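Enquirer: One-letter residues, chain by chain:
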Amino acid sequence: MLEVDERFNTGSMRNIYSPDVRVAAELVVDQLAARMKMDPLAFRLKFERNARLRAVLQKVAAAGEWGRAMAPGTAQGIAIHKEYKGVSACVVEIDTRPATVNRSIPNAVTGPRVTRVTYAIDAGRVVNPRGLEAQMQGGINDGIALALTSSLHLRDGHFLEASWDNYFYTRQWNTPPRVDVIVMPSDSEQPGGAGEAGVAATFAAVACAYARATGTMPTSFPDQPRHPVLRAEAVHPPDPAIADQRPPARPVRRPTHA
Amino acid sequence: MPEQTFILNGESVTVDVEDDVRLLWVLRDVPGVTGPKYGCSINVCKACTSHINGRAFNPCAVPVGDLQPGDKVTTIEGLPEEVPAVKRGQNGLHPMQEAWLARDVPQCGYCQPGQIMAAVALVNKTKREGRTITDADLDTIRNICRCGTYTRIRAAIRDGATKM
Ligand code: FES
Ligand code: FES
Numbered sequence: 000m001l002e003v004d005e006r007f008n009t010g011s012m013r014n015i016y017s018p019d020v021r022v023a024a025e026l027v028v029d030q031l032a033a034r035m036k037m038d039p040l041a042f043r044l045k046f047e048r049n050a051r052l053r054a055v056l057q058k059v060a061a062a063g064e065w066g067r068a069m070a071p072g073t074a075q076g077i078a079i080h081k082e083y084k085g086v087s088a089c090v091v092e093i094d095t096r097p098a099t100v101n102r103s104i105p106n107a108v109t110g111p112r113v114t115r116v117t118y119a120i121d122a123g124r125v126v127n128p129r130g131l132e133a134q135m136q137g138g139i140n141d142g143i144a145l146a147l148t149s150s151l152h153l154r155d156g157h158f159l160e161a162s163w164d165n166y167f168y169t170r171q172w173n174t175p176p177r178v179d180v181i182v183m184p185s186d187s188e189q190p191g192g193a194g195e196a197g198v199a200a201t202f203a204a205v206a207c208a209y210a211r212a213t214g215t216m217p218t219s220f221p222d223q224p225r226h227p228v229l230r231a232e233a234v235h236p237p238d239p240a241i242a243d244q245r246p247p248a249r250p251v252r253r254p255t256h257a
Numbered sequence: 000m001p002e003q004t005f006i007l008n009g010e011s012v013t014v015d016v017e018d019d020v021r022l023l024w025v026l027r028d029v030p031g032v033t034g035p036k037y038g039c040s041i042n043v044c045k046a047c048t049s050h051i052n053g054r055a056f057n058p059c060a061v062p063v064g065d066l067q068p069g070d071k072v073t074t075i076e077g078l079p080e081e082v083p084a085v086k087r088g089q090n091g092l093h094p095m096q097e098a099w100l101a102r103d104v105p106q107c108g109y110c111q112p113g114q115i116m117a118a119v120a121l122v123n124k125t126k127r128e129g130r131t132i133t134d135a136d137l138d139t140i141r142n143i144c145r146c147g148t149y150t151r152i153r154a155a156i157r158d159g160a161t162k163m
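Those protein sequences? They're chains A and B, same order as listed.
Per numbering that gives the first Met the number 0, the first sequence starts with residue 0, numbered consecutively.
Per numbering that gives the first Met the number 0, the second sequence starts with residue 0, numbered consecutively.
Hints are not guaranteed to be accurate.
Between beta-carbon pairs, the in silico distance windows are [stated by the list, open to error]:
#1 B:I41 with A:T99: 51 to 57 angstroms
#2 A:R102 with B:E128: 50 to 56 angstroms
#3 A:V20 with B:D65: 29 to 35 angstroms
#4 A:V126 with B:T13: 49 to 55 angstroms
#5 A:N106 with B:R54: 43 to 49 angstroms
#6 B:N52 with A:E188: 33 to 39 angstroms
#7 A:P97 with B:T125: 25 to 31 angstroms
#8 A:V20 with B:C107: 26 to 32 angstroms
#9 A:N127 with B:R54: 46 to 52 angstroms
#10 A:G192 with B:T125: 36 to 42 angstroms
Hints are computed from structural coordinates only; laboratory data are not their basis.
Nothing here was measured: the structure is a model prediction, and the numbers come from that model.
No residue lacks a Cβ here, since even glycine has one placed at the ideal position from N, Cα and C.
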């Protein structure tokens, strides 16, 4: 991961850099599994040493029907994450068939649709299970946005995006019609975190599912070559004269974990 | 200043505001009806969604001078009175609001008045078309929820629709 001085102020990001790191790791794990001719779940269960992680993996694989037959252009993806004194695993199903990708919603990013998410979290001692479920549901929508729709484009000192609307945070037309969250029983005394714990494994599972459905290895996200903001930019290309007038560099601000 | 008259949550109101002031500011600042939330003011976030003559609309995009004296504006505050008393739930609220409470939908809550008003308008639209709500209908809702409560919103709309 590269930290760059882009000379603009930064703010808080749900789950900070964990989703970026996680997605890279899980895509590579899937490649290792493929080279060893192993199923992604079987590979993870064989090499994961953390018993809590193996438990959420097994739970989510059973509840999410890992390995069920999927039509061409659709696929499952599986991923794990460990943070905030908790562990989680996620199975998603994605549809990348043209009829889905090209569905038309005015002024919207459509593209691939995540059709089902199964998420298991062991957050240690749980005080409010319904609240924990809600936080996972929110984090799932963040993870899907990171993989498929949301992004900012900095041009000539300005962002092309103006709001959540054209940053393309997940909307109803991209949210999964089916989401199941499993809160794992725990005899731990220690409560773990919830607010950001649903993002990283979802982002990674969506990326892995996308890679398997399309037979590609995505290396930048969102994988949206027809992104409407970039299409608009093609019509109004940036002015090179303005690009030279960037303000002077100032020290890089290190992100701090919320 | 010009006088603007319309019906707000069942009562006729008259306010002294310039014609070009957006209705969202009028609602929030003059009678102090703050259910409709300000999210963008450019008609994209849908946080301000309310009803005009029974249809969803976005008061941030409507100059108050465009309203007619007979126009009925309903905000989340007036939603319970949109159904007969027998249809209201244990909290005295509209069935969609009751479904929202039962499903524990809100997180930060900011988008939720707009979500509920959009949901009621959508269910009423499908009823006028003589059908029940589908996933494809739910996919058309534009209201942004930055907390990502979409899953419970979908479930609550289906619940609420059965009691409307
Ligand atoms: S404030 Fe009205 S649509 Fe955003
Ligand atoms: S509940 Fe926070 S924006 Fe919807």
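Enquirer: So, for every hint listed, does it hold in this structure?
Expert: The hints, checked one at a time:
1. B:I41 with A:T99: 51 to 57 angstroms: Roughly 29 angstroms apart at Cβ, these two residues miss the hinted range, so it is violated.
2. A:R102 with B:E128: 50 to 56 angstroms: 20 angstroms, violated
3. A:V20 with B:D65: 29 to 35 angstroms: About 51 angstroms separates the Cβ atoms of V20 of chain A and D65 of chain B, which means 29 to 35 angstroms is violated.
4. A:V126 with B:T13: 49 to 55 angstroms: 50 angstroms, holds
5. A:N106 with B:R54: 43 to 49 angstroms: About 20 angstroms separates the Cβ atoms of N106 of chain A and R54 of chain B, which means 43 to 49 angstroms is violated.
6. B:N52 with A:E188: 33 to 39 angstroms: Given a distance of about 58 angstroms, which is not inside 33 to 39 angstroms, the answer is violated.
7. A:P97 with B:T125: 25 to 31 angstroms: Holds, at about 28 angstroms.
8. A:V20 with B:C107: 26 to 32 angstroms: Because 27 angstroms falls inside the window, the suggested range holds.
9. A:N127 with B:R54: 46 to 52 angstroms: 38 angstroms, violated
10. A:G192 with B:T125: 36 to 42 angstroms: 40 angstroms, holds
Violated hints, in rising order: 1, 2, 3, 5, 6 and 9; the structure is consistent with all others.
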